[in-house]
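Q: Its first residue numbered 1, the sequence shown is counted upward by one per residue in UniProt numbering.
A few of these clues could be false.
The calculated lysine-lysine pairs, modelled on BS3-like cross-linking and capped at a C-alpha distance of 30 angstroms, are [unchecked claim]:
id, residue 1, residue 2
1, K24, K7
2, K7, K27
3, K26, K7
4, K20, K7
Honestly, the hints are just simulated from the structure, not real lab data.
The model shown is predicted, which means the values in this text are computed figures rather than measured ones.
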Amino acid sequence: MDCSHVKEYSNYVLMSNPPKVTWKCKKCGENGTETYKAIHNRLVIKDRIRK
Numbered sequence: 001m002d003c004s005h006v007k008e009y010s011n012y013v014l015m016s017n018p019p020k021v022t023w024k025c026k027k028c029g030e031n032g033t034e035t036y037k038a039i040h041n042r043l044v045i046k047d048r049i050r051k
């Protein structure tokens, strides 16, 4: 089943190398992780739109 995930990100970071943040899809419930980088103490995740 294909889903265009609506990701809800966790409020913690997995301190692996590289660091990762976990998410859960609001539509299908699938879990995943994404690599992130911090710029000036702000979390920036590729393909994430913040409103």
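Q: A separate judgement is required for each hint: does it hold in the structure or not?
A: Hint check results:
Between K24 and K7 the CA atoms are separated by roughly 6 angstroms; this keeps the pair inside 30 angstroms, and the hint holds. For a cut-off of 30 angstroms, the pair hint linking K7 to K27 stands: about 9 angstroms separates their Cα positions. For the given pair, K26 sits about 6 angstroms from K7 by alpha-carbon distance, which is consistent with the 30 angstroms threshold. The straight-line distance between the Cα atoms of K20 and K7 is roughly 14 angstroms, inside the 30 angstroms bound, and the hint therefore holds.
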